[in-house]
Amino acid sequence: MCVLEERSSAASFEQLALPLLGPLYNFAHWLAKNREEAEDLVQETYVKGLKGFASFEPGTNFRAWIFRILRNTFLNSRTGLKGVTVPLDLSGDDVIAHADLETPETILIERASQQIMQEAIAELAVPYREVLLLCEVEEMSYLEIAAALAIPVGTVMSRLSRARRALRKAVEEKLRRSSP
Amino acid sequence: MTEDMSEATTHESWIGQLDSYLDGELDSGQMLQLDRHLRGCPGCTAEALRRLQWKRAIRSAAQCYVPDPSLRERIQRSISPAKPAWWQWRIAFAATTALLLLFAGARIVQWEIVQSNQHLVQESRIVGELADLHVATLASANPVDIVSSDRHNVKPWFAGRIPFSFDLPELEGSQFELVGGRVSYLEQSPGAQLLFRVRKHQVSAFIFQARALPADFVEAEEMDARSFHLESWQHNGLQYFVIGDVAPDDLHALSSLMHNKN
Numbered sequence: 000m001c002v003l004e005e006r007s008s009a010a011s012f013e014q015l016a017l018p019l020l021g022p023l024y025n026f027a028h029w030l031a032k033n034r035e036e037a038e039d040l041v042q043e044t045y046v047k048g049l050k051g052f053a054s055f056e057p058g059t060n061f062r063a064w065i066f067r068i069l070r071n072t073f074l075n076s077r078t079g080l081k082g083v084t085v086p087l088d089l090s091g092d093d094v095i096a097h098a099d100l101e102t103p104e105t106i107l108i109e110r111a112s113q114q115i116m117q118e119a120i121a122e123l124a125v126p127y128r129e130v131l132l133l134c135e136v137e138e139m140s141y142l143e144i145a146a147a148l149a150i151p152v153g154t155v156m157s158r159l160s161r162a163r164r165a166l167r168k169a170v171e172e173k174l175r176r177s178s179p
Numbered sequence: 000m001t002e003d004m005s006e007a008t009t010h011e012s013w014i015g016q017l018d019s020y021l022d023g024e025l026d027s028g029q030m031l032q033l034d035r036h037l038r039g040c041p042g043c044t045a046e047a048l049r050r051l052q053w054k055r056a057i058r059s060a061a062q063c064y065v066p067d068p069s070l071r072e073r074i075q076r077s078i079s080p081a082k083p084a085w086w087q088w089r090i091a092f093a094a095t096t097a098l099l100l101l102f103a104g105a106r107i108v109q110w111e112i113v114q115s116n117q118h119l120v121q122e123s124r125i126v127g128e129l130a131d132l133h134v135a136t137l138a139s140a141n142p143v144d145i146v147s148s149d150r151h152n153v154k155p156w157f158a159g160r161i162p163f164s165f166d167l168p169e170l171e172g173s174q175f176e177l178v179g180g181r182v183s184y185l186e187q188s189p190g191a192q193l194l195f196r197v198r199k200h201q202v203s204a205f206i207f208q209a210r211a212l213p214a215d216f217v218e219a220e221e222m223d224a225r226s227f228h229l230e231s232w233q234h235n236g237l238q239y240f241v242i243g244d245v246a247p248d249d250l251h252a253l254s255s256l257m258h259n260k261n
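In the order they appear, the protein sequences are chains V and F.
Last residue of the first sequence: number 179 in numbering that gives the first Met the number 0, and the count goes up by one each step with no gaps.
Last residue of the second sequence: number 261 in numbering that gives the first Met the number 0, and the count goes up by one each step with no gaps.
Hints may be right or wrong, so weigh each one.
DSSO-like mimics (lysine-lysine), calculated; alpha carbons at most 30 Å apart, straight line [to be verified]:
no., chain 1, residue 1, chain 2, residue 2
1, F, K154, F, K199
2, F, K54, V, K32
3, F, K54, F, K154
4, V, K173, F, K54
5, V, K32, V, K168
6, F, K260, V, K168
7, V, K32, V, K50
8, F, K154, F, K260
9, V, K32, V, K47
What the hints contain is simulated information worked out from the structure, not anything from laboratory work.
It should be emphasised that the depicted structure is a prediction, and the values quoted were computed from it without experimental measurement.
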């Protein structure tokens, strides 16, 4: 690639990728659970993204593409290698019958502080945490999430359902423990 | 009982679609159907609201980590297109200037070579033409139209035939003898051709208006063409050529005689 093409490619990448720094960092922090590692993850993601930008097809979903790089970078990191397995205790029924649960959401949400919610999210297994964050925080469509995580859309739906259920269970548990 | 079971199954199937509905993943037809159901079903509507609140709570809690400004700077530095340092700009500027000068120099040299070649081509063409005229004259049964060795007869003969006047030298006492003259043409312009004899050789002297010659014609004082020698000079707007197969000294002597007279 000639120097001019390289510069133009770097400029295009910068234009597309820099606005996503905030979301990427937030996601990286949730995955790595500490600032230093999240910063390293994000920086590595940008470097890898720039290197592989030639393989990105213009017109396709850049956000999903770069989140996928971040997620793969995390999976190959020391922290990522530890906790990527899908827990079996939540497998089974994908439909959460919230109406049957003991505590109504309104009360639960009112009582649950931001801290309890954050702790519960952090305790989710990585495959649930990532799918939940991409859906609720990044507001990605199921297709985008599927592209970012390299899994089928059906898996996105089932993991999302289980993640919500697990989160609710964890919040309830925490509230129960904290109540006198 | 059966109706109750059927109603419960319907509610379950609607509730089963609520997450996809709130995530915006249902197609427009399914959305419309569920919308319609929610308007008439307080239970499902309450469930939808609870799930919506839950989504908002997750979003609000999870959107909490903000990158440090220094990280943005580091990333920007690592991915920005490399900007040349000031000294690189100077080198680039010097290199560009040198290239431009080199290019301009090459163009000038090329132009000069072309011009010089054009002069040579013009000269060789003119000399060749004069040599042809001289040979044609020698080969002709009537080499001159005015046959006279007297310059006072020859010069007036040209009056009215050519658009200029010239003087002929006094040849008495020299080795040269005037044979006569004729009107000749060079570059479509009329001029005078004078034929001289020196011993057994014949020499032609051509006189044309200098402006009739190509603008870029620069006469060489002495030239050779097909074993003929040639001398030329310009004076008072007239271009003189003396051509013949005599020795260069003889040619020069005749040129001097004519030059002195004109």
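Here is how each hint holds up against the structure:
1. F:K154 / F:K199: holds (24 Å)
2. F:K54 / V:K32: holds (22 Å)
3. F:K54 / F:K154: The given pair, whose Cα atoms are some 120 Å apart, is violated under the 30 Å limit.
4. V:K173 / F:K54: holds (19 Å)
5. V:K32 / V:K168: Answer holds: V:K32 to V:K168 is near 21 Å, not above 30 Å.
6. F:K260 / V:K168: violated (128 Å)
7. V:K32 / V:K50: This hinted pair holds, its Cα atoms lying about 26 Å apart.
8. F:K154 / F:K260: Cα-Cα ~13 Å, so holds.
9. V:K32 / V:K47: holds (21 Å)
Consistency note: the structure conflicts with the earlier hints numbered 3 and 6.
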